[in-house]
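K.L.:
Letter by letter, the chains look like this.
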Amino acid sequence: MRHLGQLQTVGLGVIALVCCALGCTASPVVTVVDEPDVVAVSKPERSVWRCHDGHCRRRAREASGFVCIGEECTQKWPRLPDSNEWDCQAAQGPVLCRFHAPAAGVAVTVVSDDFVCGVRLGHEGERLCVDFDPDVPPGGGPWQCRFDEKQMKICLRTTAAAPPVVNRAPDCWLDADCSGGSCVAGHCQ
Amino acid sequence: MRAGLVVAFLSLGCQGVPNHVTVSVPASFGGAARVTWSPREAVLRATSGPAGLDVEVDPKVKSIRFEHPEACPLDVAISGSTAAKLVPWVSVPEELAQVGFGQTATPVVTAGCPEARAGKIVWVEREGTLNRLETQSDGFVVHAKLKDLAHTRVAASPHGTVIPISFDQRGHHELVGTWTGAGHARLELHASLNASTRVSGLPNVSVGQIVYLEGVDWAVLERPAAAAERLEVADSAATLFQANRAGRWVLQNGKAAPFSLQVGTFASTPLDCGRSGCHSAATEAAKGSAMTHAFEHRMAQAPEAMSCWLGCHVVGEKGLRDEGFFDVSSAFPPVTSAPLPRALARATGVQCLNCHGSGRIPEPSARWTVLQVGVCATCHDAPPRYGHVQAWRGSSMAHADATAAQREAPCNSCHTTAGFLGRPMPAANEASPLGITCAACHAPHAAHGARLLRTMPSVLSVETDATTALCAQCHAPRGTAHLPQSTAASIVVGRGAVRVDDGRPLNAQSVGHSALPAGCMACHKHSAERVERGESHGFAARVADCTECHSERGGTDAKAWAERVSSVRAPRPHQRGSPGVDLSTKAGRIEWNSAMLMRDPAAWAHNPGYAAEILKQIR
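Sequence lines, in order, name chains A and B.
At position 80 of the first sequence the residue is numbered 80 (the working numbering), and the sequence of numbers has no breaks.
If you want the working numbering, it's the position in the second sequence, counting the first as 1, plus 189.
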């Protein structure tokens, strides 16, 4: 049962659910069930909604949820740029992916709008894509995440705050790409 | 659970038009969580609280149905006097994927509310032929005994391999139940039972997938660490095998050589098969293939019928935890439109893993198994609509390697698929007949033209359509060192025979058959049984095909031709070793021409003028 509380969700003229002034109890419950793909949400829970310009998409429609055992949460089918093969790293915050190989025998999908893409410095044509608003497990963070060899995303709760990141196209994968600097979330610093 | 009292009342708007209906939902709705309604646009505002669901509706709507996955639906009529009624709800599992051959399925029938349980269900079998169908408790308990494996098998499989189970052989049964109850409309229920999932026949299966092995004397020699299997006799000729973990099993049947079986899941195999150095050419060729884009095409053409076509346009089997499309989709909300989540998109189309999966590809000694017709039969043996394999089974192609001699060199180059493609042959103890299978003529990831027809350099000295060029690989002389074995394609184009006097080529014009766009397949397009698609894979021609163009039959027909050639001395038999011939002698040239003529029994139809000329040369 999903209790969204005193929440107003206005879904592009398809459905509107509000807590009405009359007849509300002190703690009304509104249950959103048949929701459209895109809604406006006033206080979105980040682990549930992915929002842009006030419009939110339910993350579960695009990447599978996390399964948590103790402090470790695993996302079996994470969000990646497209249907090709990618190597990804997450650390704290953004997910950075490097093109690995074309998927064989698969109709290739367009690169997701969720990623900002660029080319790796010194590696002509090697594509990098970064997601600045990655999926995280439910509950408070911050999270320290990594991708395993099967590209499953595994997150552990951490106490360290995520470093600030620059929201622009990535250009590095390793520190070695940065001429003595360091590569943070795909950007040389 | 007893349904609660339903109360509804109206709230009148400024003009006396009702615009506010309050419904106290039944207790079985569980506090309104997960309530949905239709039509979707009927509800303008809704809140739920201790009193129930408070709904403001569009006054133009006449009725609304509220639904909850665990309760009977509630229909509310919006009129001067509002009424509400419960609609009985009964559920059955949509599909039982692998009940097992000869086993009894007992699908769980669930009544959504007491009103539903008070009714009766009458079950009938709409599709399939069950061994027995019994019901108890007013139809709420169903026992369906499925037929044995022996009833579905077409022929014995190669020793040492997994028995292929096609779409048509999977023991599919469709049950339809009709629920009736006092005061309520009838309700139709559907349940699909499958004895087995589809199995390609490769020694490469999914975790948890039940497969059958030829023979009954199997033992496990090796298994992955901490893994276990189910290994039991299925019937007098087959053994059931099911593995619970990914990895490599080694099994042995009696004294035969050990047999390696790879167990895996689709997503455990990276899809980057086309990495440089691996299968990049195959990947490139597959990019434009209709198979690769099968899901996209169907999605664009018939999204409303997705439940019908989905199973043959994605990777994986329903009901298995195989990381195929159906398994992955359980991690996402229902799919209704594109774009799909990446993990699902990667499991669409008919791609590498549909034929080569689910996990690691078989070991080199077993790679030939991908040439079995069973691979294609997982989808193309679904008569009466998709009858490609059924038609093929009735053709000579299916029996081309029936004898041991045909499976040995040099005959195997035209009598076996592996030989035709120049691939390693099965080991002697596995060399049961496979026939000339789909892979001989269709090349999903080699050079191909329309309908995935393999493109091969022509052995004929004239230009032909692609189909004739392909057929000619075996139905025309291959060089002059040996007597021709099968000559139809060369007779059609008027090539292949020699002048007896000097040994120069005896060429003639085709009667026009070689100009037909579909080549040989313009006439050789029938099978014994009519099917909607794929009938041409019976490769039979009928007299009616001739009369399509030849409205009046000419002076040549089969009987007359048989009389004309009865005096021709037959060439040495078509047998192993294809006897050599010396074209430098007149006798050799006569024998060559005799073989050209006699080894196309329909020469009189294929190219009567050329046949008559050869006959003249012989005489």
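These are calculated hints, taken from the structure and not from any lab test.
Backbone N, C-alpha and C define an ideal beta-carbon position, used for all residues, glycine too.
Careful, some of the hints might be misleading.
[To be verified] Here are some chain A residues pointing at chain B (derived, C-beta under 7 Å):
no., residue
1, E62
2, S83
3, D87
4, Q89
5, A91
6, A103
7, A107
8, G141
[Stated by the list, open to error] Partner residues are not named here, just some residues of chain A that face chain B (Cβ under 7 Å, in silico):
no., residue
9, V67
10, G70
11, R98
12, F99
13, P102
14, P164
15, N167
16, L174
17, D177
18, S179
19, G181
K.L.:
If you test the structure against every hint from before, which numbers come out violated?
P.N.:
3, 4, 5, 8, 9, 10, 11, 12, 14, 15, 16, 17, 18 and 19
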